[in-house]
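A.B. asks: Hey, can you work out the whole structure from these sequences and the hints?
Residue numbers (the UniProt record's numbering), protein chains in the order written: chain U, 1 to 638; chain X, 1 to 335.
There could be a bad hint or two in this list.
Pairs of lysine to aspartate or glutamate residues, derived as EDC-like cross-links and limited to a Cα-Cα distance of at most 20 Å, are as follows [said to hold, decoys possible]: (1) U:LYS269 - X:ASP323; (2) U:LYS292 - X:ASP304; (3) U:LYS428 - X:ASP323; (4) U:LYS203 - X:ASP330; (5) X:LYS7 - U:ASP447; (6) U:LYS292 - X:ASP321; (7) U:LYS453 - X:ASP14; (8) U:LYS269 - X:ASP321; (9) U:LYS171 - U:ASP122; (10) X:LYS45 - U:ASP447.
With the C-beta cut set under 8 Å, the calculated list includes, among others, these residues of chain X facing chain U [stated by the list, open to error]: (11) THR64; (12) MET67; (13) HIS68; (14) THR76; (15) LEU81; (16) LYS145; (17) ILE306; (18) VAL310; (19) LYS317; (20) PHE326; (21) ASP330; (22) VAL333.
It is worth saying that the hints were derived from the structure and are not from the lab. The beta carbon of each residue, even a glycine, is placed where N, CA and C say it ideally should be.
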Amino acid sequence: MAQSDPAVSSSVASSKSVQTVSGITVRLCGDSGDGMQLLGTQLTNTSALAGNDVATFPDFPAEIRAPRGTRAGVSGFQVQFASEEIFTPGDTLDALVVMNPAAMVTNLGDLRKGGILIANEDGFVEKEFKLAKVEANPLEASVIEETYRVIKVSMTKLTRDAVSEFGLGNKIADRCKNFFAMGMVYWLFGRSLEPTERFIEDKFGKKPDVAAANLAALKAGWAFGETTEAFGESYQVEAAELKPGKYRNIMGNQALALGLVAASKCSGKEMFYGTYPITPASDILHELTKYKNFGVRTFQAEDEISAICSTIGAAFGGTMAVTASSGPGIALKGEAMGLGMMLEIPMIVINVQRGGPSTGLPTKTEQSDLLQAMYGRNGEAPLPILAPRSPGDCFDIAVEAWRIATECMVPVIILSDGYIANGSEPWKIPKVSELPEIKIQHPEGTDGSEAYKPYSRDEFLARPWAIPGTEGLMHRVGGLEKEDVTGNVSYDPANHQHMTDTRAAKVAKIAERVPEQDVFGEPSGDILVVSWGGTYGSCHTAVSQLQKQGHKVSHIHLRYIFPMPSNIGELLRSFKKVIVPELNMGQLRMLLRSEHLVDCIGINKVQGKPFSVTELVEQVSEHLPASSAGKKAGKKAG
Amino acid sequence: MSLPVLKPADFASDQDVRWCPGCGDYSILAQMKKVLPDLGVPREKIVFVSGIGCSSRFPYYMNTYGMHSIHGRAPTFATGLKSTRPDLMVWVITGDGDALSIGGNHFIHALRRNLDVNIVLFNNRIYGLTKGQYSPTSLEGHVTKSTPMGSIDHPLSPLSVALAAEATFVARSIDAHVKHLGETLKRAAQHKGTSLVEVYQNCNVFNDGAMAYAQEKKQRDQNVVELQHGKPLVFDGGKKGVRLVGNHLEVVNTDDVPQDDLLIHDEKDPNPSIHMMLARMSYPVMPEPIGVLRAVEGIPTYDDQINDQVELAKKQKGEGDLDALFNSGDTWVVG
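C.D. replies: Structure representation (structure tokens):
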């Protein structure tokens, strides 16, 4: 078992009994202004520092401050921390912290029977019941006490008492109550206060009284846990057995930004990032603006079209050029993506998917832009598509996208999603020396005596990336069809056919340069589960459970969506049934069926939420062969 | 090393020019080729970026780098290019439909950012490439294929739009007035910041003679006033002039007023109010101004500033170190 660093082990030790468990799933819920996201992030970081494997699921409304106290305004943060490798933030909750009635009634359904419900008693008053549209105090219902371990804490009052010496007034004092809650949660799960203490000092250092009050609230919360009779024991989760190495906790959008910076360095290129603010992609911009000293130029354009067109302009000039958006913005970029494809110029287009269509569900996750990425352009305009499978994987996908873009002279689409973008996990920090070198060669200047051929091609059908400023290579690019080799405008019918075929073949050939698809489980059997993007964790865990039950179920998770690795067809045909779980109405399923003529069964959901492991296990089980499923049916009957 | 002396022909690409015979675009192309050798910028350092429309075929005919992009978006490609490659001289070639209709947003934002590029807007007051629909600069009542009962849109003035965005260089010239056109393009090229040159361009197929009052040599002098910095506004062989009365401009006979009454053109005035009054002068009530309405120097350019910030960040934080970046924040070791 991995050793946790003694320096970060609990700085305060509980005197009550401690129960060791393998993992805990906890959700923290309150008003969107209650600081629940901060609480969740801190608990995650602290758990990661304690050596646990962690996975998170922040879930918040699209409104910045939705009406206070209402169900629409509830903001939640779920985290699972465990002493074993985990891939999801957990299905059912072991503990739920609620700051008001709205948070309780909208989240209680996910708390397991016998789970711990911690409620801020001071938030359960008449006025709040009305806002939450509940008839009576939901905490008083007898069924609640019978079903859960309910711990009512007067958090508002206790926080005010704890910070009274700083004379902040109730309004500011009440803002400290998330730190009180944090202290209590930290006590319950044996977490060290030290990382959060440091965080408070860093963040509020310029306001010493606020820093001191938050620290006092945090400690008071911990002390309350230690002294109150309501908590009989605390829980401990040992460090997980992760691969040896140095780790940090990372969110998907953050990892994507770091991956882009790494790709720029690995290729010896400075970066241009043209974008327009949109949820949930904006954090990539916020992250990249910090890296100007890495030669990153960020451009907040006047609209989505300008964002991508400026990116194409930068790419034409020889810079590593990237644009990002979410579904609605990608729709606006469609025409320019077609131009980028026609210019055969390297660049990256990121779509951090959210619930659609139209404005849809801006802060919720979905995978419904796959066909948009495949076909959302006029004409025959194939572009390669990659999809990260987890927050940390965003880093590798970014580097890989730039490798493919430059080797093949083509815009590459990255399909991330809101779940990965905002979720976090421990990330094994790569060594810079081990990152792949991305070699880029621009053609050198000539005396111009021979006409330059901008559309000549190498063995991968990539054309040269000749950049302005190079003597003798003056040429013109554009959206009109180009003559093969010369790049002159051409309306010739045979040439158009040839160029269309060539552009498609160039993208198809990428399959030769990506690794074969690996399989989790046997390479043949009863059921193959095929997934892509952010559903990796749930699908992997579900298949793992089914395998442990003795079923012949395997899993492949696609990171290369288009073109797919060359062995996909063979794998699909090696199983009796293929099941494709997706957070859309069956888009990958359609692609697999049309490309490989293999029947596929969909598990489809668009509820703005990720798959739970339980629902996947149940739904996949329905398709097990009779003999195999008999075990399950027998169990049920028994 | 001295640069080779280039001639206009050196700037011609090997492609056949495919505009309609008699199109005003030919004259603009000829003047551009004539002006570029004087600027001392090597061909490989020049990029022409265009949108869509007749005028936007321009880059194909120049032996420089070029991009024929998508409708209305040329300024945005230029923004990405110039921000990352400030060493290049970037020209944007656009038309009245391209810049003011589909690309209106990008046009104003390029101007307000003061990116160091030169925008040449070919204004023929018609959609030529799509065969004759009215454009955002077509006059009210204009009968076209899409407005058989006459246009009911109020026309937009490119100069007014540019001045409203506080563009630092705003000028107008005429395809047929070749000497003036060449000089104006040269001034635009020399200005640091976004330069806008509106060129009255005759579409002899779909809108022939729409601006004949300004294009035809015989009429021009009566209908056009050539602006010159520090000089009074006079036209019609010096017989007429323009003066400022209260908050409007009026035409006077120069014989009837003292010389001092005439408006002295100040292209350098940071306040665009009088420039806007000039832009609003329109035929047949007033003579239309050509030449440089506004040329304000010393305003920081977008491309300089975006690159200055990068340099400053490198100076303050040191050249980016990936290892340090990856290992920032809280970390822990396993194994």
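A.B. asks: All hints, please: hold or fail.
C.D. replies: Here is how each hint holds up against the structure:
{"no.": "1", "hint": "U:LYS269 - X:ASP323", "verdict": "17 Å, holds"}
{"no.": "2", "hint": "U:LYS292 - X:ASP304", "verdict": "14 Å, holds"}
{"no.": "3", "hint": "U:LYS428 - X:ASP323", "verdict": "13 Å, holds"}
{"no.": "4", "hint": "U:LYS203 - X:ASP330", "verdict": "15 Å, holds"}
{"no.": "5", "hint": "X:LYS7 - U:ASP447", "verdict": "17 Å, holds"}
{"no.": "6", "hint": "U:LYS292 - X:ASP321", "verdict": "12 Å, holds"}
{"no.": "7", "hint": "U:LYS453 - X:ASP14", "verdict": "13 Å, holds"}
{"no.": "8", "hint": "U:LYS269 - X:ASP321", "verdict": "14 Å, holds"}
{"no.": "9", "hint": "U:LYS171 - U:ASP122", "verdict": "14 Å, holds"}
{"no.": "10", "hint": "X:LYS45 - U:ASP447", "verdict": "15 Å, holds"}
{"no.": "11", "hint": "THR64", "verdict": "5 Å, holds"}
{"no.": "12", "hint": "MET67", "verdict": "5 Å, holds"}
{"no.": "13", "hint": "HIS68", "verdict": "3 Å, holds"}
{"no.": "14", "hint": "THR76", "verdict": "4 Å, holds"}
{"no.": "15", "hint": "LEU81", "verdict": "4 Å, holds"}
{"no.": "16", "hint": "LYS145", "verdict": "24 Å, violated"}
{"no.": "17", "hint": "ILE306", "verdict": "5 Å, holds"}
{"no.": "18", "hint": "VAL310", "verdict": "5 Å, holds"}
{"no.": "19", "hint": "LYS317", "verdict": "4 Å, holds"}
{"no.": "20", "hint": "PHE326", "verdict": "5 Å, holds"}
{"no.": "21", "hint": "ASP330", "verdict": "6 Å, holds"}
{"no.": "22", "hint": "VAL333", "verdict": "5 Å, holds"}
The structure fails hint 16 only (numbered hints given earlier).
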